[in-house]
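Peer 1: Spelled out from the first residue to the last, the chains are:
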Amino acid sequence: MLRNVPIRRKIAGSILATSVVVLLLMQSIFLAYDYAVLRQGTVRQLSTLGAIISTNATAALAFQNRHDAEDILAALKANERVAMAAIYDQTGTLFATYPPDTAAATLPAQPGTDGYRFEGQHLIGFQPMRERERRLGTLYLDFDIGVVLRERLWSSLRVALALGALALLVAYLLSRALQRQLSRPLLDLAATVADITAREDFSLRARPHGNDEIGQLAHGVNAMLAGIEAREAALRESETRFRGTLDRMLEGCQIIDRDWRYVYVNQTAAEQGRHRIEDLVGKSMLASFPGIEQTTIFQELRHCMEQGTGAHVETEFTYPDGSSAWFELSIQPAAEGVFVLSLDITARKRIEQTLLDAKSDLERKVAERTAELIIAKEQAESSDRMKSEFLATMSHELRTPLNAIIGFTGTMLMRLPGPLNAEQEKQLRTVQLSAKHLLSLINDLLDVAKIESGKLELNVEPVACQRVIDEVVTALRPTATAKGLVLEARVPIFDVAVLADRRSLSQILINLSNNALKFTERGSVVLQLHERDARTNMVEISVIDTGVGIAEADLGKLFQSFAQVDTGSKRRIEGTGLGLYLSRKLAELLGGRIAVWSVRGEGSRFSVFLPAAPATTAR
Amino acid sequence: MALLKRLATIMLLLFAAPLLRAAALQEYQVKAVFLFNFTQFVDWPPATFADSSDPIVICVLGEDPFGRYLDDAVRGERVASRALSVRRIERAEEAAHCQILFISQSESARLDTILQHARGSRALTVSDARGFGERGGMVGFVTEDNRVRLRINLEAARAAGLTISSKLLRVAELVGAAREPH
Chain A
1 MLRNVPIRRK IAGSILATSV VVLLLMQSIF LAYDYAVLRQ GTVRQLSTLG
51 AIISTNATAA LAFQNRHDAE DILAALKANE RVAMAAIYDQ TGTLFATYPP
101 DTAAATLPAQ PGTDGYRFEG QHLIGFQPMR ERERRLGTLY LDFDIGVVLR
151 ERLWSSLRVA LALGALALLV AYLLSRALQR QLSRPLLDLA ATVADITARE
201 DFSLRARPHG NDEIGQLAHG VNAMLAGIEA REAALRESET RFRGTLDRML
251 EGCQIIDRDW RYVYVNQTAA EQGRHRIEDL VGKSMLASFP GIEQTTIFQE
301 LRHCMEQGTG AHVETEFTYP DGSSAWFELS IQPAAEGVFV LSLDITARKR
351 IEQTLLDAKS DLERKVAERT AELIIAKEQA ESSDRMKSEF LATMSHELRT
401 PLNAIIGFTG TMLMRLPGPL NAEQEKQLRT VQLSAKHLLS LINDLLDVAK
451 IESGKLELNV EPVACQRVID EVVTALRPTA TAKGLVLEAR VPIFDVAVLA
501 DRRSLSQILI NLSNNALKFT ERGSVVLQLH ERDARTNMVE ISVIDTGVGI
551 AEADLGKLFQ SFAQVDTGSK RRIEGTGLGL YLSRKLAELL GGRIAVWSVR
601 GEGSRFSVFL PAAPATTAR
Chain B
1001 MALLKRLATI MLLLFAAPLL RAAALQEYQV KAVFLFNFTQ FVDWPPATFA
1051 DSSDPIVICV LGEDPFGRYL DDAVRGERVA SRALSVRRIE RAEEAAHCQI
1101 LFISQSESAR LDTILQHARG SRALTVSDAR GFGERGGMVG FVTEDNRVRL
1151 RINLEAARAA GLTISSKLLR VAELVGAARE PH
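Taken in order, these protein sequences are the chains called A and B.
To convert, note that position 281 of the first sequence is 281 in our numbering; the numbers rise steadily by one, no gaps.
Residues are numbered in our numbering as their position in the second sequence, beginning at 1, plus a constant of 1000.
If you're looking for bench data, these hints aren't it; they were derived computationally from the structure.
Don't take every hint at face value.
Unchecked claim - Derived DEER-like restraints, expressed as beta-carbon distance ranges:
1) B/D1043 to A/Q40: 45 to 55 Å
2) A/R44 to B/E1093: 36 to 46 Å
3) A/Q45 to B/R1110: 30 to 40 Å
4) B/R1158 to A/S47: 34 to 44 Å
5) B/R1110 to A/G92: 36 to 46 Å
6) A/S47 to B/E1093: 43 to 53 Å
7) B/D1043 to A/V159: 48 to 58 Å
8) B/T1143 to A/I52: 30 to 40 Å
9) A/A51 to B/S1053: 46 to 56 Å
10) B/R1158 to A/A32: 21 to 31 Å
11) B/S1053 to A/I52: 44 to 54 Å
Small disclaimer: the values here were computed from a predicted structure and weren't measured.
We put the beta carbon where it would ideally sit given N, CA and C, even for glycine.
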């Protein structure tokens, strides 16, 4: 609120305000001091009075002369401030009063503590009365100080007011003289600055009056002015250089203000717009390029102008004659509006288009080929499926007549239709054996077909190995006995379970055991169940024989379909050649494998490894 | 017997206490206090005492009208470094060492002889005998309107070398020996 008051009045005002504050402070202190002195003086005055009266009145009190005591007290009349006085005897009984007719009720019933004290506007005193050190009684004085105070206050105030008025007058006259001295340099400086601002002439300089703070301020202003002058020259030079650079740039440069007028256009930009620079600068963009409001360029420019953001766009611009060109635009917000850098990218765009066309052609061709391949693949798959289906169907169809052959051959061998001679029986047995061989061949083929066509259904569950091994041993015991071989199961005393399809496990073990029995002439075949391998979590079941063994070179082809290993014996051992292949496939389907170790002439060991079942879940 | 007597005194005091209080300002009680108060306002010449701790002796000559009041009034009191003592005497010759000599009314007849004797001592002579001051005594007690007033024969006091405080003189009536010879 004081900010806009001229400095002359500020200086004068502050001198005056300081004077008033100091004056008020001084007078308050003076009044307070005066009051304190007055109180102290009054106490002294009253105590002196009390001392005199109490000394004078001792005999009157000692010899109980009330009349004399009241006479002495009557001397107080000389001091009109004494409101009341009284003398109490040794026992505290009221002895004499002043004025003599004072009612006892208005006086203290008993003398208080010795001494003088203020009570409201009264100064009360209890003065001991002594004669030769002996306490005879108490003098009571009541001094009305209010009157004194009021009188003194009024006279002090009158003096203070008069002095204050005089002091203010002097302060006012002094401040007028002083402010002129102080404010002239400041006002000069302010006028110079105002002049510079109005004329924008930075070559003007302030005139310093001295070397005080205001003089330093003037020097500072002059230094700043010199700085501004130098800065402006540098700025002008820089702008000239900058403008020259812009003018000759390969990119188009333009500055457009908020009313869509061109503030600056360089040569390249004018050429891009197919105008002359002079026809664009200061003119509206809307007038220079009719219909530009509908283009993407304009939308982008307006967005940047309104949001104060930048943008980077590639866009096609169509000229009034129908031809078009591609531009890459970099739009920046500028003080005037927007600053636009434009680069003609028409040639690049044409190449890109050509590349794009070639790419799409290529993609089309790839798609055609892919379609053809899919058809071919589907045909191949369907023929494969047909093969498997054919095999399955055929195997089934083949089995049916074989069952009839085996069944009736058996009936005849049991001599149910009638007696047979030795030759008939021998031939019938050959028929039965061949038919059984054929059946097992077909069964194996059927399984292979199922596996290969993915039709084999496995019921994987925890399976207790001991039971399966028992069943296998029981089933094959007659064959072993017939060949004079020992068939034996070695199992741990506790349950070992695997995750497997029960039927498949059984089939694998029968295949392996059958093979072992087949290739063993003497000795034994042992089915050994091992404990779970904690490291791999697999369970091994081995079939160990003391048969012919397998040559190391033959171990590789052992598990291929329709492969039979040369046993070295003259007799060709019956078998389909599918057993081991099937077993391997089944083991793999169950997540396991089959391994073989063999020494020629000493025996073989086939092991199937299957995943262990979680404990206690086996059935 | 002694015990019974003491008991009787206590009983008497107990029963008489209200009466005593009612008559607190009995004439002789006041006079006893006044006798003591004289020690405050009267200065004896230094030669009166052998040394500074000599007591101030108050003597009662003749029939004692104070009873215990005088002993009560001085009990435990001191004036400057001096203690106070009360002595009851029969003959004026014994008054040589008294500072204050109260002459009982019983001695009125022999007053002049007594005063004659007393002049040799430095005693302040006090009596409630009628016209005591006029007859050469120093301080006389006069009872007016139930109040005890003082009459002082300043010349007699000065003759004995005593200084009486002006404050005491202020509350007393001054009399002369020669004015009204009795």
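Peer 1: Taking the hints in turn, state whether each one holds.
Peer 2: Tested hints:
no.	hint	in the structure
1	B/D1043 to A/Q40: 45 to 55 Å	violated (37 Å)
2	A/R44 to B/E1093: 36 to 46 Å	violated (56 Å)
3	A/Q45 to B/R1110: 30 to 40 Å	violated (56 Å)
4	B/R1158 to A/S47: 34 to 44 Å	holds (36 Å)
5	B/R1110 to A/G92: 36 to 46 Å	holds (43 Å)
6	A/S47 to B/E1093: 43 to 53 Å	holds (52 Å)
7	B/D1043 to A/V159: 48 to 58 Å	holds (53 Å)
8	B/T1143 to A/I52: 30 to 40 Å	holds (32 Å)
9	A/A51 to B/S1053: 46 to 56 Å	violated (31 Å)
10	B/R1158 to A/A32: 21 to 31 Å	violated (57 Å)
11	B/S1053 to A/I52: 44 to 54 Å	violated (33 Å)
In summary, the numbered hints that this structure violates are 1, 2, 3, 9, 10 and 11.
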